[in-house]
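Engineer: For reference, the chains in residue letters:
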Amino acid sequence: DVKVTQSSRYLVKRTGEKVFLECVQDMDHENMFWYRQDPGLGLRLIYFSYDVKMKEKGDIPEGYSVSREKKERFSLILESASTNQTSMYLCASSLPRGFSYEQYFGPGTRLTVT
Amino acid sequence: KQEVTQIPAALSVPEGENLVLNCSFTDSAIYNLQWFRQDPGKGLTSLLLIQSSQREQTSGRLNASLDKSSGRSTLYIAASQPGDSATYLCAVTGANSKLTFGKGITLSVRP
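Residue numbers (my numbering), protein chains in the order written: chain A, 1 to 114; chain S, 115 to 225.
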């Protein structure tokens with residue numbers, strides 16, 4: 001079974017703090033994704049990566065950066081957390097183009113910025 | 115830009131009923147379509163994946179169909195149970211491997 005894990009289920013941070021959200025997958029997937037989910041807005045793609053050290057902006061990259069130094073790990077960084085970044089953050093992984101492209105999700109991190 | 119719509123936003127049915135959840139998308143150039151289930155406060159669980167060349171997929175009491183030309187998919191749940199209560203999301207994968215999600219249908223199955 002594919003397993004995607006996220007470092008924290010719940011996180012509370014203060015405005016202005018630098019925040020790291022970690023995601024690890026154990027299926028040797030090339031593609032990894034970060035989404036945020038908000039009531040009424042649904043899931044929105046922040047960033048994705050199709051290979052180590054490669055990244056592409058999603059629909060809402062402002063205020064975020066990412067790091068992928070190893071294939072299995074994809075980190076989301078909030079350089080200076082703000083209250084409007086309070087949200088549920090979901091990580092996912094998938095095989096690359098030419099395969100099934102089925103995305104597997106982690107359990108999510110609920111981040112509260114006060 | 116791809117848009118995915120799921121209507122209605124919420125549905126309440128009595129236990130045992132067969133039901134259909136609808137999903138529509140605006141751009142038919144998709145790679146696949148996935149149906150997910152999400153329980154409150156949890157991550158997404160993949161239920162069914164339909165490749166663009168397929169018409170349907172089945173898993174247990176679930177059957178998903180895809181009509182790419184009309185931009186529609188349906189998720190059929192047979193003999194619904196209270197344990198089926200959750201939010202069901204539809205998502206399509208474009209050529210760039212990005213998923214575009216609908217906002218989901220929150221299903222409540224009454225005992």
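No lab work stands behind these hints: they were computed from the structure. Hints should not be assumed to be uniformly reliable.
Claimed, not checked - Among the chain A residues that face chain S by a calculated CB cut under 7 Å, a handful are:
1) Y10
2) E102
3) G108
All residues carry an ideal CB built from backbone N, CA and C; glycine is no exception.
Engineer: Using Cβ atoms only, decide whether G108 (chain A) comes closer than 7 Å to chain S, and label the hint accordingly.
Structural biologist: Holds. Min distance 5 Å.
Engineer: Using the nearest Cβ pair, does Y10 (chain A) come within less than 7 Å of chain S?
Structural biologist: Result: violated, 10 Å to nearest chain S Cβ.
Engineer: Should the interface hint for E102 (chain A) be scored as holding, given a Cβ-Cβ cut-off of 7 Å against chain S?
Structural biologist: holds, 5 Å
Of the hints listed earlier, the one the structure fails to meet is number 1.
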